Amino acid sequence: MSNILEIRNVTKIYPDMPRPALENVSLSLEKGQVLSIIGPSGSGKSTLMRCCTQLEKCTSGEIEICGIPLGKSKEDDRKALLKTSLVFQNFNLFPHFTVKRNITEAQVKVLKRSKEEASRIADELLKRIGLYDKKDTYPCYLSGGQAQRVSIARSLAVSPEIMFFDEPTSALDPELTGEVLKIIKDLALAKMTMVIITHEMRFAHDVSDKVVFLENGHVLVEGKSDEVLGEALTNERVRKFISSLG
Amino acid sequence: MSSAVFGKFLLQLLEGMGVTLEIFFLTLILSVPLGVLVTILRLSKNKIVSAIIRLYITIMRGTPLILQLYFFYFVPCLMLNLKIDKMVAILFAMALNYAAYFAEIFRSGYQAIPQGLKEAGKVFGYSKKQIFFSISLPLVTKRILPSFAGEVITLVKDTALVSALGVLEMYKVAQNVTNRMVSPLPLVVAGVFYFIFNAIVSKTFSLIEKRFSYYNF
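Protein chains in written order, with my numbering: chain W, 1 to 246; chain Y, 1 to 217.
Next comes chain Y alone, as it looks inside the complex (with noise of 0.2 Å):
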């Protein structure tokens, strides 16, 4: 590969990176919220509410994210002709199935917190809300940050399969010059631009999970 091409092909990568990082942080951004009122609906005390919660996330959880991606795209699109932003239908699927991930976790942590905390804020006249925002909130956080760190990694890699639908983030882009180059390099390329993006990744994480770390539960 010469320079010349090899360095046509880094500025499309970069802009491949800049597609990918746009998915990344708008799926991050609508699918936390997403996932925080998914768990207030799971665990209400309406039985309907909390089972058709639990269905939706049962099947997020129990199908494969690339079908996800086709189903919200094609099913709009080309059966019910609606036109619809190719972007958008990628962001509703990659939001609602991280929404159900991050909404399991975000349970499991506010269901880890000692009853009996909450117990001595209701004794000691907090009302409600007190309870959630000054004893609650800061323990589930402290308590999720290490699988939630995981969950995001997680999201990091699962931009590529937005390459399935032929958009062009940095997977697609390595793959496209690959082919064309017949060289595995633009891979490894991009394998390595994905591994620093998550170094940096966990890198906040521990930053995060320090700060929190002055005291024990």
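Only chain W is shown next, with the shape it has when bound in the complex (with noise of 0.2 Å):
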């Protein structure tokens, strides 16, 4: 079965950092598959996130998305971009926008579908994530979950192939963590390709196909969610990390 992302030997240098942010990382993931990755903060885990969304460019490495290689030519970047997305740590949804403009928006201007087709699809993720009765709010006005849901759907409504998670809890009242972690397992029930980084290691373990612990920018485990989580759980450094989160 072809891989939805190959990572293959990537490194990241921050020209003003004593040491890589990331080395010869190597992973990949197939259609329909979630991958959790987790690790202390500064293991490398939003840097590799931002080289597979083209928010950064790699030093060396390859990274293909459905098959497409990044920095190779403006064309397939393009292309490969629109079958990503990212939900960010805290939102970054537009703030002028209302919520349904927030999700209408990208579809119209980048995607070039027409204004009832990308107001149509709002309206079906509005209700799916349960905000439709929101959907001429300012995203100033909504809780921390309900704006992390929105930027679910409007990470979403761009139809992509695979989406991204930067820690899309660690922004959130711990009361709020719970209906954004239920559209996420809903999506995995949907089998939307999805990488999520978190510290939620319950939902980590519940959700995940593939978990992935990173430290000082290298894959120090990698194996199948109840491997790496499960009541298996062998590896020490994994075990102490998890016992530091409480």
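Hints listed in this document are in silico derivations from the structure and should not be mistaken for laboratory results.
Misleading hints may appear alongside valid ones.
Among the chain W residues that face chain Y by a calculated CB cut under 10 Å, a handful are [to be verified]:
1) L55
2) E105
3) L111
4) R113
5) Y138
Using 27 Å as the maximum straight-line C-alpha spacing, the simulated BS3-like pairs for lysine-lysine come out as follows [what the hints assert, rightly or not]:
6) W:K79 - W:K57
7) W:K72 - W:K83
8) W:K74 - Y:K45
9) Y:K8 - W:K74
10) W:K115 - Y:K8
All figures in this text were calculated on a predicted structure; none of them were measured in a lab.
C-beta atoms are modelled at their ideal positions from N, C-alpha and C, and glycine is treated no differently.
Got two chains here, each in a separate frame; can you build the complex from them with the hints?
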């Protein structure tokens, strides 16, 4: 089966940092699979995600999205970009657009869908995340959980082949994380291909096919969800990290 | 002061006000686009360009406007023997001065936009132009309105500096009449005119701010 995401020997060096943010990282993900990336802060989780979504260029190594290599040609980069989407830790909803326009804007401006179609898709998504009644509200009037759900809808609206989540619940109050995790779980059941950076270990265990533990820019442990996080948890470093989360 | 004399004074003052308004609006129309250009050059990745622009901003903000007015009037006219219309020299100095202030306001507004919003635009495939016009520009506008309004209010009052070059704008008229009549009344009347002018400017900007108040970021 062909991989949706293929990362080969990726290294990322920032000019003013003493050590590489990523060093020789290789990963792959099949269609419909969910990969969780865990690890301490500064381990390179976000950098890896930013390289996959073209917010950064990796220094060496290869990344392929649906078989399209990144950084080779502008046309390919653009094609790959339209197959990915990213849910940010702090939402980054456009503050001057209503909730609904946040979901329709890229469909119309980038994908060139008709306004009617974009509107229909937005309404469907808003109903799915339970926020149809908030469609004319501006983002500043939403709770963190609602804002993150809208941001997920915005990402879904552009019909990505693979979705990236950069700590989607880290900016939320503990009571609000549940509503966001539930939507991500539903997406996993619907076989959406996803890469998720998270500190929610139980969630990562339940939702993921694969789990990767990153430290100091290296893949320290990689395996099936159960192997890395389940009862049989064997790696001492991972065990220490998880117990440090409390 | 007889009512006939006062009536004549008011007429002169109105004429002066016309000149004041002319300087005000022309400076504004020239300095805002110039300020945008200066901002773009100031943020340029070319270090030489950005250094030159920084020097220009430092000089314009670091020396008195009245000195700049004299400089741009006397250097071409008296030293280089060029025939330059006084008004042109004045507008040149005013526009260069205000563009420097506006550029710093625009820059601070642009840099205050959360990086993540531009990144969201990028991730969703917006072009650079789309990111600028549909995300950055509306947000910068909202962000800078209060400090921009403050600068425009200062501009209203700074038009009086032009009197030093003998231009018969509102302040110069009031000053002349005060000297002639040996009465402070003309200055008071001119003061009231400036005050009303700025009240209108303030009100206009608070209405614009209100139009942008439907969201926060």
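Hints versus structure:
Here the hint on W:L55 is kept, as its CB sits about 6 Å from the closest CB of chain Y, short of 10 Å. A least Cβ separation of about 8 Å between W:E105 and chain Y falls short of the 10 Å threshold, and the interface hint therefore holds. With a cut of 10 Å, the hint placing W:L111 at the interface with chain Y holds, because the nearest CB-to-CB distance is about 8 Å. With a cut of 10 Å, the hint placing W:R113 at the interface with chain Y is violated, because the nearest CB-to-CB distance is about 13 Å.
Among the interface hints, the one on W:Y138 holds; its C-beta lies about 4 Å from the nearest C-beta in chain Y, closer than the 10 Å criterion. Straight-line distance between C-alpha atoms of W:K79 and W:K57 comes to about 16 Å, which keeps the hinted pair within the 27 Å bound. Taking the CA atoms of W:K72 and W:K83, the gap is near 16 Å; set against the 27 Å cutoff, the hint holds. At roughly 22 Å between alpha-carbon atoms, W:K74 and Y:K45 fall within 27 Å of each other, so this suggested pair holds.
Distance hint between Y:K8 and W:K74 is unfulfilled; the C-alpha atoms sit about 71 Å from each other, more than 27 Å. At most 27 Å may separate the alpha-carbon atoms for a hinted pair to count; W:K115 and Y:K8 exceed this at roughly 63 Å.
Figure legend: structure checked against the earlier numbered hints; hints not met, in rising order: 4, 9, 10.
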